[in-house]
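Asker: Chain residues, written in single-letter form:
There are 2 protein chains.
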Amino acid sequence: MAGSLGRLFRGFQSFTSLPATRAQLSHPPAFFSSRTMVTLPSFLSSKPRDFSLPNSSWGPEMLRLYELYNSQCEVETEGGEKQEGSWQRLPSYNRSLKFATGGVYLSKIIQSKARLFTRNIREQGAAFEYVLFNNKEEQRCVGIFQAGHLLEGPPGHVHGGAIATMIDTVTGTHATILSGPVMTANLNINYRSPIPLGSTVLIESSLDTKEGRKTFISCKVTSTDSSKLHTESTGDVHLNKHSLSDGTFLCHIFSVSHISTL
Amino acid sequence: MAGSLGRLFRGFQSFTSLPATRAQLSHPPAFFSSRTMVTLPSFLSSKPRDFSLPNSSWGPEMLRLYELYNSQCEVETEGGEKQEGSWQRLPSYNRSLKFATGGVYLSKIIQSKARLFTRNIREQGAAFEYVLFNNKEEQRCVGIFQAGHLLEGPPGHVHGGAIATMIDTVTGTHATILSGPVMTANLNINYRSPIPLGSTVLIESSLDTKEGRKTFISCKVTSTDSSKLHTESTGDVHLNKHSLSDGTFLCHIFSVSHISTL
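Top to bottom, those sequences are chains A and B. What the first sequence shows, in UniProt numbering, is residues 1 to 262, in sequence order. What the second sequence shows, in UniProt numbering, is residues 1 to 262, in sequence order.
Don't read these hints as lab results, they were simulated from the structure. Careful, some of the hints might be misleading.
Okay, derived cross-link-like pairs now, EDC-like style, lysine to aspartate or glutamate, Cα gap no bigger than 20 Å in a straight line [stated by the list, open to error]: (1) A:K113 with B:E123; (2) B:K108 with A:E74; (3) B:K113 with A:E123; (4) A:K214 with B:E76; (5) A:K136 with A:E74.
Go ahead and model the full structure; you've got the sequences and the hints to work with.
Answerer: See below:
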């Protein structure tokens, strides 16, 4: 396992020398010059789509919560200047950098077509619609998640695996912010009440403790008014291979490691 | 939670009076008569696609393991007659019955478009390719899983949530066979070594114990020669609301509750 993780993290490390702009332009269509690319229609644009921004599929509850946290990302001082607020919206893209294979051999086809699991469906609103916000001071992360009709498990309800996927996404991102690039080592999930398809839920993660390379995070999934507990996970372990000090930067790396081509 | 589960299981119960044929034909396109439906091209056919059967995207390892277990589903007696073998292949479809909403209100659009999370992508080989086999006598269930390029988490590797989804699928199906319709109550997953995209793995579940309404199941994900442990989960709890005796029948219900329209 250590060997496999080592290869993966060497892959992660290769991100650290890349500014976002280079990452964004790593897949220009070969048949366009850089000049013509400027006038491309949006569906052929090399500019990555940030999936964490609102789209027409978002319902009122999703939009309301997005505005609630987004409005706290930037505050205006008395002098009228803008400065960072208590929350930070985390951008979200849908694919790995072409060369970030983690040292593992993959066929060229798989490598070029790979997409992030949670962003692999083109149709807006059909699967995972979500946005993550981080509160650095409070060491909390929040995910707002609207479950689309393609996530069915029990009839009319969200699949347990889709809920686990969102918990892994929120806690994994949170652990990366806190401890640098991590791999999930353990998920322990209790399902309390099923989530109907189409509904919006709140996913909140908080730091339990850090012990050496291990970051322990707890997470709960509730209704948007926090009155109903859907799912909770306690003491999820995320394992850090290389302890790097700049968590914020690594979170950025975590985000730009997926760029959009859909 | 009990109330929510109660509504869900009333939904499940409604399956029990349905023969498979009725389930399969519950969505005839309104503009075709039953006579013209017979001659429909395959993409408009109301006959559900069984996703557990081989397709052209399956690699050699996936096919080899399929043949290994499938060849043990039927044996020939000395008299030349065929009879059930030790293993049973479990069919797999991609949607819930229209009326199986579990009593929860869903919009008509969501209800009609809902698809099983693990079968929601049309492109063969792109996401979850899997087949499940059950051994009734040994109380074991086996899943053969080929991970497509749309399941990426860490660069070049399968997302932890996609692995959790497959574990939930195998253990949930197994618990349903053993105890009747169940809901997953707990998943406790340890990730040991990452799974490269494109690879095929073996998922084996076994019964730990049954205590009242709870069915405890353990599961491990290994390389196809069982030499490398990728992931394991111990004591996953699946909660049964109504104790029904005919596990085999309910497994069938579990399967036919998803029919194909893609």
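Asker: Would you mind marking each hint as holding or not holding in the structure?
Answerer: Results of checking the hints against the structure:
Among the hinted pairs, A:K113 with B:E123 is consistent with the structure: their alpha-carbon atoms are about 12 Å apart, no more than 20 Å. For the proposed pair B:K108 and A:E74, the alpha carbon gap of about 39 Å is over 20 Å, so the pair is violated. Under the criterion of a C-alpha separation no larger than 20 Å, the hint pairing B:K113 with A:E123 is consistent with the structure, at around 12 Å. For a cut-off of 20 Å, the pair hint linking A:K214 to B:E76 is broken: about 54 Å separates their Cα positions.
This hinted pair checks out: A:K136 and A:E74 have alpha carbons roughly 14 Å apart, not beyond 20 Å.
In this structure, the earlier hints numbered 2, 4 are contradicted, and the remaining ones agree with it.
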